[in-house]
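If you're matching them up, the sequences are chains A and B in order.
Just add 19 to the spot in the first sequence (first one is 1) and you have the working numbering.
Just add 19 to the spot in the second sequence (first one is 1) and you have the working numbering.
It should be emphasised that the hints constitute simulated quantities derived from the structure, not laboratory data.
Values in this document were obtained by computation on a predicted structure and should not be read as measured data.
Nothing false has been slipped in among the hints.
Derived lysine-lysine pairs resembling BS3-like cross-links, with alpha carbons at most 25 Å apart:
(1) K784(A) / K248(B)
(2) K741(B) / K245(A)
(3) K853(A) / K741(A)
(4) K510(B) / K677(A)
(5) K784(B) / K245(A)
(6) K784(B) / K248(A)
(7) K491(B) / K605(A)
(8) K822(A) / K784(B)
(9) K174(A) / K205(A)
(10) K248(B) / K741(A)
(11) K214(A) / K81(A)
(12) K765(A) / K709(A)
(13) K386(A) / K337(A)
(14) K759(B) / K784(B)
(15) K245(B) / K784(A)
(16) K709(B) / K759(B)
(17) K677(B) / K510(A)
(18) K822(A) / K741(B)
(19) K677(B) / K491(A)
(20) K677(A) / K491(B)
(21) K720(A) / K709(A)
(22) K510(B) / K441(B)
(23) K741(B) / K248(A)
(24) K784(A) / K853(A)
(25) K91(A) / K25(A)
(26) K822(B) / K741(A)
(27) K784(A) / K822(B)
(28) K765(B) / K741(B)
(29) K245(B) / K741(A)
(30) K337(A) / K389(A)
(31) K853(A) / K723(A)
(32) K741(B) / K759(B)
(33) K510(B) / K491(B)
(34) K602(A) / K491(B)
(35) K759(A) / K709(A)
(36) K784(A) / K709(A)
Pair ranges (Cβ atoms, derived):
(37) S752(B) / T407(A): 50 to 60 Å
(38) K605(B) / H651(A): 30 to 40 Å
(39) D868(B) / A650(A): 43 to 53 Å
(40) E606(B) / K491(A): 15 to 25 Å
By construction, the Cβ of each residue, glycine as well, lies at the ideal position given by its N, Cα and C atoms.
Listed below, chain by chain, are the residues.
There are 2 protein chains.
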Amino acid sequence: MNFFSKHVYRFGADAVDGDGSMRELLGGKGAGLAEMTLLAVPVPPGFTVTTDVCRAYLELGKTPADLPAEVKRALRWLEGTAGKRFGNERDPLLVSVRSGAPISMPGMMDTVLNVGLNDVSVTGLAAVSGSQEFALDSYRRLLQMFGSVVLDVPKDAFEKATHEVRGETTEAASEADLCLMIEAFKGVIQEHTGKPFPQDPMVQLTLAIEAVFRSWQSDRAIFYRKLNKIADTMGTAVTVQSMVFGNRGETSGTGVGFTRNPSTGEPHVFAEYLSNAQGEDIVAGVRTPMPITELAQQMPAVYAELDALTGQLEKHYKDVQDFEFTVESGKLYLLQTRAAKRAALAAVRIAVDMANEGLITRQEAVKRVKPSSLVEMLSPQLDLSAGTYAPLTSGLPASPGAAVGQIALSANAAVAMHATGKDVILLTQETTAEDIHGMDASVGFLTARGGATSHAAVVARGMGKCCITGAKEINIDENTGIAQIGSERFKQGDWLSLDGATGRVFAGQVPMRPASEDHPELDQLLSWALAMKTPQVRANADTPADAAAAVAAGAVGIGLCRTEHMFFAADRLGVVRSMILAKSAKERIVALAELLPIQQGDFEALFRTMSPLPVTIRLLDPPLHEFLPSAHDITADIASARNEENWERCLTLEGMRKQVEALTEANPMMGHRGCRLSLTYPEILQMQVKAILQAALVVAKEGKTPQPEIMVPLVSSEQEMKVLAELIHATASEVLDGEKNLVNYKIGTMIELPRAAVCAGPISKHVSFISFGTNDLTQMTYGFSRDDARSYLDSYLEQGIFKADPFITIDREGVGQLMEMAIRSVRAINPGIKIGICGEHGGDPESIDYFCSLGVDYVSCSPSRLRVAQLASAQTFTAPPQEEARASSHEVVTA
Amino acid sequence: MNFFSKHVYRFGADAVDGDGSMRELLGGKGAGLAEMTLLAVPVPPGFTVTTDVCRAYLELGKTPADLPAEVKRALRWLEGTAGKRFGNERDPLLVSVRSGAPISMPGMMDTVLNVGLNDVSVTGLAAVSGSQEFALDSYRRLLQMFGSVVLDVPKDAFEKATHEVRGETTEAASEADLCLMIEAFKGVIQEHTGKPFPQDPMVQLTLAIEAVFRSWQSDRAIFYRKLNKIADTMGTAVTVQSMVFGNRGETSGTGVGFTRNPSTGEPHVFAEYLSNAQGEDIVAGVRTPMPITELAQQMPAVYAELDALTGQLEKHYKDVQDFEFTVESGKLYLLQTRAAKRAALAAVRIAVDMANEGLITRQEAVKRVKPSSLVEMLSPQLDLSAGTYAPLTSGLPASPGAAVGQIALSANAAVAMHATGKDVILLTQETTAEDIHGMDASVGFLTARGGATSHAAVVARGMGKCCITGAKEINIDENTGIAQIGSERFKQGDWLSLDGATGRVFAGQVPMRPASEDHPELDQLLSWALAMKTPQVRANADTPADAAAAVAAGAVGIGLCRTEHMFFAADRLGVVRSMILAKSAKERIVALAELLPIQQGDFEALFRTMSPLPVTIRLLDPPLHEFLPSAHDITADIASARNEENWERCLTLEGMRKQVEALTEANPMMGHRGCRLSLTYPEILQMQVKAILQAALVVAKEGKTPQPEIMVPLVSSEQEMKVLAELIHATASEVLDGEKNLVNYKIGTMIELPRAAVCAGPISKHVSFISFGTNDLTQMTYGFSRDDARSYLDSYLEQGIFKADPFITIDREGVGQLMEMAIRSVRAINPGIKIGICGEHGGDPESIDYFCSLGVDYVSCSPSRLRVAQLASAQTFTAPPQEEARASSHEVVTA
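Only chain A is shown next, with the shape it has when bound in the complex (with noise of 0.2 Å):
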């Protein structure tokens, strides 16, 4: 409760009205002055009008009838505070004018500085500072801000008037110049306005404020309200200080500085100081700043204060404080201090310090850092500061980190290039599961379509590669094997460099940056976040290679391994191809027999890899077709073995084709595939189980204990679930038979179809697991086709249709609500039942806080995305009550 008064909020050495959790009220900066005076931090004093009186000047058109008089007691107060009288002829009070709201909204409002000076205080002010141009200099500075801000005179009349007394000169004015400008822009204020310059300081006082809440309606503060979804009632404080001056000669000065490195995070203050200046001359970089130790130097006993003082701040605020300060005639003021911006690397060695140093729990520590920013510290970066770079054209971001090589305009030249030793970057129109062979040789891909989670994006973020989709502006021409990327041409062999983190494309060889391994502090972070007890973190893994990077990287389990991704290898291909050509059961489980050993071989090396961690294996997903080659290059083949005259190979070819034509479908993403392969095919589905469980049975006999976890893609309703379940269990009878107790496997299913998130309860009673495919749910539910996307999802986002991509960033109120929907009714049919996410969304932080407010058990995601979905998870931690009221506390700071 304020007793002086109901709209103003003093804080001085004898007075504070407020404090920093008044920030709505008295904006970020009223607040934050309030609480810096509090902690005995020298601020010039002064006072805020509340943004209750913004409010009612906004809406009336007026300020309340009894705040002139509550300025005018505030300002009484302020004048015996400071030991000068506002508008004094011979040692004038002066005031800066400031906004201030809720949330910071930088620039977008209006400030007035040396608000009381007139013709007659100037000099008073001269006398008092000893300098004629300091006095008049900050004369002309009020004219011009006022003039422009309270009196809205186009500024450009300001500028031209300066230009007819200076001319071009960018000397220092002198005090006859001075004298002139000042003449000039008081008669340009009378031009504009009819009326003279208000010599009256009250006058000057009341306006000042009633045009710092009119910003509040600038087109551009409403421009970015709008951006960044502030309230437009919020409104603005505005804050009255005493005027301070770094610009009174040696013993005076002005500085800014971080209490830690914010590029690096190391613990030591990192500040500017330039003496006898004001803050703005730091800005506009007129002069250069010294290091802060010329200021130890000059005033050992000034910097011994500031040094303690915002050690202080940082201590008070649990967080790295960005201060402005200046020191007149060699007394230290603090303007202000917030919570500084830091680099990915800094925000980290900073969250693991502050906790070690005790200073933040390590709870606080793990959520002061942004997870995707992450992406950024692990990834190598191009080194654009090592000349002048031009992008091509520009596309998605779809995979971090960059690549430099040369391009590759087919799967097969990919891996042709690579085996010569060259760094290859594949460029196509997009890519596809048959091109993996070539993705893998190559170093980075750069796709003409797709989104950021196409085929290409998908793969890349798996394999940790960079990649950029969805470049319009490329066309590739396949018969003349040339690439058009914005204007210019390029041809197999030529050198291309690709940002992953902005998705900018560069012609030649741009040096790399490489991501250093060696984060001490981040591992340190992660080792807290690991412990602390939120949903767990697996990896989508279908090599051992990528098995054991995740194991490394702290996965608890894979949570999604492929199948279908071994059967793509060049070795498999032709064996699943006469599987699927197969004309009866009995030759497809010829074909079976033979890729049963394969399979085997590739689960025996996982399992051993992630002994004792569980190993999600979902059975074969994609339509068969898929494992075909096109209708187009089999017409191709077939006229090349014609011309060839192997009338044979025409045959086979013939036959292949009538076979593709057959699988081909309308609408693969909702066709003959997932489960219903399974049901019609059960072959395959043994020929699997029996692969996992015989290989699970090797590794356990080596004294390993693999966990095998068999999931069942695509079900669509409970009898399906029962029957597949029943042919897995009857399929491991056969292979366990009297070895059970070896091997412990599990059985789930993913929910990725709407139906099944509907009815999740009754399939839950077959299985120990599900995992939400959030993937193909989300292109089930908004009837998405994620290859197609692209034509109106770019659309709907420019319009604002869409806040986000749902493809990238989980959908809450649509898909959300389903899953919620789901795990409702499973925990309720199956209790012990453990529920994870294995989409793309399980690697962004934004949609792993949401899947870890539903309890999900786990999230599994691209091994590259691993460590962010580490820190996003243990994001959501909720420490018991005890612990919660000091966790809040660091929350309050200034704007």
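Dock chain B against chain A, hints included.
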């Protein structure tokens, strides 16, 4: 409460312990006989052992300890009522022992007749009946039935014995033969059971009762229950009834009949009578029965009594009765009565007649007719009785009716043949939207692919034409123009006959039996149906002709007009294509301006026809590439243009091919279509809205009352709907400027994506109606592409994974749950909203029943399904409480 006995319920002139409501305890037969006895219908007296006893017997393997005493006591009472003693040597009481389950299981369980006869009493029976042959034959029958049913003697053992006595003769057996057979049968029993036939009547009775209980567990009974979902725990009752004999000479006889004609519904007894015979003689067809009029001549009093009694039964049960009777020595007995099965036509007439007679209410009449039976009634049929026809193959009966015509192998051929006056059957792999002109020119469609909801099927039902889809044994070679159907080969112009009711395909011209258009009773029934306050029925119609037919059939509006069907017409496709191929919005607007008057004309005609009924017009829905020729066709055109050295055309075609390739989608069903087109090409929406409202304005100025309802397809989010509603309103303001009160338009949306269902509440804030597109909603909820699902859906249905095709009968558990969610939130947020259904399910009675239970306001269906839907909807009517009591009484029927 039965004070006589715990296990046994009597029915006879002096004591009836049960009544018609006790089907569960006494079975259908026992309850029915008790009820008839209560109605003073002459029924041979008897008693029923309850289903409780059956359950106890099946569980414990023996009947309750007190049962023999209770049966003996009931038998004593029966002897008193019948005036004969059981097993008496001179005039024995004989009984039948029959099964009777609570739910009728015709022929599934066993019966033993003539129980109580033995070597001694057979002579008494001969003396009393005056016929040695009758008595011996009765004994012979007992031995045969008892042997096989009670003693498990194989039936062929008796047949073999009979053959040994009688050889191949079919003449009535002589006394001597009968004696030989009796001895032989006794020998068979002795041989197979090791014991003689039990002479003690009480032993016969006890064993027969237990045998009937056991027959509940026979293989065929178990199979039947599984098939018909009857609980195995229900058990059967056993009814013991004194025998009456219709074969006691000229004043005896037996007959069966119906209270009304079961084929035509004519309100006269329709019965047959056989003098001096037993029931099984009629069933066996050994003698030809006489019309019932013979009985009227022979025994007028008996006939009059029969007529009165069955009339009384019909009144009592309020339904047509199927009855059996026996006349023994001039005395009439009714043995059974139950609700009669009847043909569709008869069902309608009987229901209407009974309501007009005041026997049932109009609501009851409406509920008496199975809606799906109307389909058969209203379609022409192949007259297969006219010769011997073997089907070539069969497919799915996708649209009913029949068609006889000459084969066309393409849409263009169909148009050409139709132009020369031929009846055409369009035979293709499948049809697409581009074939619409050819379909219009054909009398029926036969496709090798596709399901009951494929394009061909949907269009056929819309056009009311016969269609068979998914006829797998068809192979069309487009190069040679030869179609292989089953084992025969056909070419264009050959005749085929299609039976849409069964899906059978015949070679040549099978004669047709046209459906009568004249069904006054049906018209009356439907007029009653339409008067009932249940969800209304609209029609899906795209043309004025369809609309007129729909109004004539009582449609209360158009629930779905697909504007794209208008785009495919030959005179428009060119303009549509230039609109799609436009290189800029400006070019597109020029093409759209050409389309505008054409579309406006379409709508004017529709509004004129429908005024003042509402017309729901769906904005353009399919992806644009559907309107372009296929890349394959363009390539062929380019080749021929090249041959003609028409380079300009080559260039144009090349451009088109590029555009087609750019528009090609991996999954068009989930692609750039529906409202996504309106958001990326708003000018298309604007053209359509203008066409709709300008048309409405024109028609309104003619003094009519057009009710345009503009429906936005494929909405997935509130924001899409909000933006489009604003755009439609803005466009409407332009068109209606100053004349707003002339046209009252509405905006609505389809709910056809899972996300739209989940978020229906917020979406509904911006519309006045929603309509569930259950086809797409089913596709997306299951992730089943209708075009592709046949390959696994058939297998699912065969394996019993699905009980019904979800594209035919709505999936209540999954899709339905989404609909329920949607309706709940929509009603809460927008209580005044109108909710409809416009998928194919809108014509399926079982689905309609469900939709009505969800509280929708209307369903919309193909015109050919209108009457089915009207009836199905009316059947969901719930009478106010006071009427309900009456309505339920008719449900008491015997088994």
